[in-house]
Amino acid sequence: MQYDSIAQQLDNLIRGTYSSVELTRHYLDRIKQHAQLNCYISVLEESALEAAQQADQARAAGNAGPLTGVPIAHKDIFCTQGVKTTAGSQMLYNYDAPFDATVVSRLATAGAVTIGKTNMDEFAMGSSNETSYYGAVLNPWDTTRVPGGSSGGSAAAVAAGLCSAATGTDTGGSIRQPAAHCGITGIKPTYGRISRWGMIAFASSLDQAGPMTRTAEDAALLLGVMAGEDPLDSTCLAADVPNYVESLNKPLDGLKIGICEDFFAEGLEAGSEQVIRESLRVFEDLGATISSVRLPHIEYSIPAYYVIAPAEASANLSRYDGVRFGYRCKEPTDLADLFKRSRSEGFGDEVKRRIMVGAFTLSTGYYDAYYRQAQQIRRLIKDDFQAAFAEVDILLGPTAPQPAFSLGEKTGDQVAMYLQDIYTIAGNLAGLPAMSIPAGFSSDLPVGLQLIGNYLDEASILAAAHQFQQRTDWHQRVPASMAAEN
Amino acid sequence: MEWETVIGLEIHVQLRTQSKIFSGSSIAFGAAPNIQASAVDLGLPGVLPVVNQAVYPKAIAFGLGIGADISLVSAFDRKNYFYPDLPKGYQITQMDKPIVLGGSVEIPLDDGSVKTIQITRAHLEEDAGKSLHEEFIDSTGIDLNRAGTPLLEIVSEPDMRSAKEVVSYARYIHQLVTYLGVSDGNMAEGSLRCDANVSLRPVGSSELGTRTETKNVNSFRFLERAINFEVVRQKEVLESGGRVEQETRLYDPDRDETRPMRSKETAMDYRYFPEPDLLPIVIDEAFIAEVKKNMPELPREKAERFQSDYELSNVDAKVLASEPMLADYFETVAATCSDPKLAANWVRVELLGRLNKDSIETSDIPVSSEQFGLLLLRINDQTISGKIAKDVLDALWKTEADSVDDYIDANNLKQVSDSGALEPLIDKIIADNPKQVEQYREGKTKVLGFFVGQVMKETSGKANPKQVNELVRKKLS
Numbered sequence: 001m002q003y004d005s006i007a008q009q010l011d012n013l014i015r016g017t018y019s020s021v022e023l024t025r026h027y028l029d030r031i032k033q034h035a036q037l038n039c040y041i042s043v044l045e046e047s048a049l050e051a052a053q054q055a056d057q058a059r060a061a062g063n064a065g066p067l068t069g070v071p072i073a074h075k076d077i078f079c080t081q082g083v084k085t086t087a088g089s090q091m092l093y094n095y096d097a098p099f100d101a102t103v104v105s106r107l108a109t110a111g112a113v114t115i116g117k118t119n120m121d122e123f124a125m126g127s128s129n130e131t132s133y134y135g136a137v138l139n140p141w142d143t144t145r146v147p148g149g150s151s152g153g154s155a156a157a158v159a160a161g162l163c164s165a166a167t168g169t170d171t172g173g174s175i176r177q178p179a180a181h182c183g184i185t186g187i188k189p190t191y192g193r194i195s196r197w198g199m200i201a202f203a204s205s206l207d208q209a210g211p212m213t214r215t216a217e218d219a220a221l222l223l224g225v226m227a228g229e230d231p232l233d234s235t236c237l238a239a240d241v242p243n244y245v246e247s248l249n250k251p252l253d254g255l256k257i258g259i260c261e262d263f264f265a266e267g268l269e270a271g272s273e274q275v276i277r278e279s280l281r282v283f284e285d286l287g288a289t290i291s292s293v294r295l296p297h298i299e300y301s302i303p304a305y306y307v308i309a310p311a312e313a314s315a316n317l318s319r320y321d322g323v324r325f326g327y328r329c330k331e332p333t334d335l336a337d338l339f340k341r342s343r344s345e346g347f348g349d350e351v352k353r354r355i356m357v358g359a360f361t362l363s364t365g366y367y368d369a370y371y372r373q374a375q376q377i378r379r380l381i382k383d384d385f386q387a388a389f390a391e392v393d394i395l396l397g398p399t400a401p402q403p404a405f406s407l408g409e410k411t412g413d414q415v416a417m418y419l420q421d422i423y424t425i426a427g428n429l430a431g432l433p434a435m436s437i438p439a440g441f442s443s444d445l446p447v448g449l450q451l452i453g454n455y456l457d458e459a460s461i462l463a464a465a466h467q468f469q470q471r472t473d474w475h476q477r478v479p480a481s482m483a484a485e486n
Numbered sequence: 001m002e003w004e005t006v007i008g009l010e011i012h013v014q015l016r017t018q019s020k021i022f023s024g025s026s027i028a029f030g031a032a033p034n035i036q037a038s039a040v041d042l043g044l045p046g047v048l049p050v051v052n053q054a055v056y057p058k059a060i061a062f063g064l065g066i067g068a069d070i071s072l073v074s075a076f077d078r079k080n081y082f083y084p085d086l087p088k089g090y091q092i093t094q095m096d097k098p099i100v101l102g103g104s105v106e107i108p109l110d111d112g113s114v115k116t117i118q119i120t121r122a123h124l125e126e127d128a129g130k131s132l133h134e135e136f137i138d139s140t141g142i143d144l145n146r147a148g149t150p151l152l153e154i155v156s157e158p159d160m161r162s163a164k165e166v167v168s169y170a171r172y173i174h175q176l177v178t179y180l181g182v183s184d185g186n187m188a189e190g191s192l193r194c195d196a197n198v199s200l201r202p203v204g205s206s207e208l209g210t211r212t213e214t215k216n217v218n219s220f221r222f223l224e225r226a227i228n229f230e231v232v233r234q235k236e237v238l239e240s241g242g243r244v245e246q247e248t249r250l251y252d253p254d255r256d257e258t259r260p261m262r263s264k265e266t267a268m269d270y271r272y273f274p275e276p277d278l279l280p281i282v283i284d285e286a287f288i289a290e291v292k293k294n295m296p297e298l299p300r301e302k303a304e305r306f307q308s309d310y311e312l313s314n315v316d317a318k319v320l321a322s323e324p325m326l327a328d329y330f331e332t333v334a335a336t337c338s339d340p341k342l343a344a345n346w347v348r349v350e351l352l353g354r355l356n357k358d359s360i361e362t363s364d365i366p367v368s369s370e371q372f373g374l375l376l377l378r379i380n381d382q383t384i385s386g387k388i389a390k391d392v393l394d395a396l397w398k399t400e401a402d403s404v405d406d407y408i409d410a411n412n413l414k415q416v417s418d419s420g421a422l423e424p425l426i427d428k429i430i431a432d433n434p435k436q437v438e439q440y441r442e443g444k445t446k447v448l449g450f451f452v453g454q455v456m457k458e459t460s461g462k463a464n465p466k467q468v469n470e471l472v473r474k475k476l477s
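So the protein sequences, as listed, match chains A and B. Okay, so the first sequence: first residue is 1 according to the numbering used here, each after it adds one. Okay, so the second sequence: first residue is 1 according to the numbering used here, each after it adds one.
Possibly wrong hints are sitting among the right ones.
As the list claims (entries may be wrong) - Subject to a maximum C-alpha distance of 25 Å in a straight line, what follows is the list of computed BS3-like cross-link-like pairs (lysine-lysine): (1) B:LYS79 to A:LYS340; (2) B:LYS79 to A:LYS352; (3) B:LYS97 to A:LYS382; (4) B:LYS390 to B:LYS466; (5) B:LYS130 to A:LYS340.
Since the hints were made in silico from the structure, they are not lab data.
My request is simple: use the sequences and hints to build the entire structure.
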């Protein structure tokens, strides 16, 4: 049952094949069994079983919501009241949030059972989950490899059957890249679709939450619950949230798919390229037409991102000063010492690197050369996409330049690590909805296919993904070591 | 060398709202520490600011009040620095696109003239919390009740040339924001705080000298003293061949001096950048019109009306309209005595003179506007002379009396206009001064004043001067 989709699990819960308590206990057992994957920072055994019991009672009483009894995990970047929220950092090793993130409260209201908080790169800064203070996460497909990041714990937990689905956040690819590496489905909706209230900020103008699931249908179901206006987040959009599940089977006949030729340039691993090219036939069979589009400024997306994201992060992370909460250095001699040592000791290297880069690019004399210029590039990239969407309905390309790499392989080479997000970052800079779905294998490792939609048009990429999954079984493949179990 | 003082002022005005600028916490004064500090005010992980819409009409009303441009699109920025009472490690303010741009005010000066002070900008921002150093031994307490209090920072051009002008300007702004309901104006509770940028330059020079910024002065008296101290200090530095350091200073009222707060070595780079958690503020003309509709008459509008309705001179009108309370006072006086020009003259000269001399605020005028008007009516209906009226005003001022008519009656001050009573007295004075009579008849008509003066002296000023004049002239011819 651990690999059933949420749609199937709901069906089973309704029919009484198993209860939420049974399902939840099953996942809790599996989490213990696969503790070496290190997917979770906190496992909420007691409160999850309690919530599962309440879910079963609610269902028996005829009060079931859209997700009642479904055990999900939250990336440890979402604040959960009464439960430790660490953002993968030592800085917040002892932090209990006094409120729930909007994402958390909406999923709970829909009936979901929170089973735990997943591991992640520290403050979501990383593409391998190796910057976590709580240790690396292992890829269930090959435990010598990384799961991707920063939502690596969520991706690995879904892939290993340690929860029904998980939440993630995506600032430069942090939902899509680990989804690709772990062979699951993940969507980053339009910037502003989902409230950021209670989601610990990395780069505010780029951060966006989204669901990580086994199927596009599950993603549609969860996104419908998570999305929508929130008076607590001024950047959250007031636009109506359509019923994504209902539109999943809207025929793809005549859908115009654009191939980003710029994504197939040098750097894309041959096996991955082959997987993506082959997937085109499935879409053609479904009635879509394929054409090439160019995004001329896409090559500047990484440099622009690595100015804007650290700049925003440098301010967003200033609140971790050892004064009011979180890590505080021992016996500070004065105020400056308190600030300096709390931050030096509490943050990991990658976080400190980005804070320093961000502070530098915003400083007097450098602002125009870096920050302002990066914002101009961001505008050009947005314009590129709008020009493309004048010709096609959705864009298609790879999610990552190659499948999951080995643990430690890129930790010494920041640029190689940053290049992991080369195909995903533009979607964040432009604020467009984008998702990754499993599309095949290269050297026995999952390869992700990326679909990018126009603003607020999550429905089109979800429908394309869903119908692709009706024709293929890549999303149903499970890691061999996991498949042996029941 | 002769030095010219150049001063620009930044005034932080606390806006009169129910709650904070980015959270729903109360801003009521005097709560126990940290009672009015929510997750947003504490800058906890995952919180986001949401703008309190009530701040917009306040900022717009101020902008309209100084004849400024209201930005149809303005935006918030982050100002980054570390301080324990700044929970997020940055202050949300407006740097590049303030909500109010330009504008000016005309302030009354002590010599009775008015001076135009240009205003550069006014922008919205949040206040920081407070560090409490005195209550704790070997440690500092932090009270975040004030963190997130909405402020309007009003930045002037360096148009002022003396501490006195600065105080006039600050008073003007204080009155204006209180009158417009932008702020409660409670200085004791920190609703208005000033940063003074002071520099000196040789008289005749058009270049600005190096300035110091004296921060957080929260009374007009301290403002004047802080600036005067700074002017003397800078003058001494310059005249001894030194250079003024560009620095931030604090005024210590106990020692009546300013001291450096931060040295140049640790000069701040605030790394401003656009606040990504908030959308730009977009205001339409209809909203501005709505704010305008609900605003009381502005000083500049009042001045125009005073000129057209009361036929006052330009300067009279501007001075009287400059302060809303003074303008209201004047209008009551004018209505009571039905002589706006006489009212304007007396309010400007007699009232303002006394206020200035005794350092009394317009809000604390000891004589009611009705009694002041009645006093002028008694001049016009010839009950008393102008000279006696000044004595009556003095008595009322010292609160020795509270009714003009009662005081006149009680002290027997009524003007003697009865020729039956005056004629014998005039006859006697003429008889007693034959030399002067002869002079007059020889053509030295100036001597007439001598006789009138004698009559006034004998009647203790109560005689109607105009009537005495006529009677003396008649009897001498």
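Hints, verified against the model:
1. B:LYS79 to A:LYS340: Roughly 19 Å separates the two Cα atoms, so the pair holds.
2. B:LYS79 to A:LYS352: Holds, at roughly 20 Å.
3. B:LYS97 to A:LYS382: holds, 23 Å
4. B:LYS390 to B:LYS466: holds, 18 Å
5. B:LYS130 to A:LYS340: Holds - the C-alpha atoms of LYS340 (chain A) and LYS130 (chain B) are around 21 Å apart, at most 25 Å.
When held up to the earlier numbered hints, the structure conflicts with none and fits them all.
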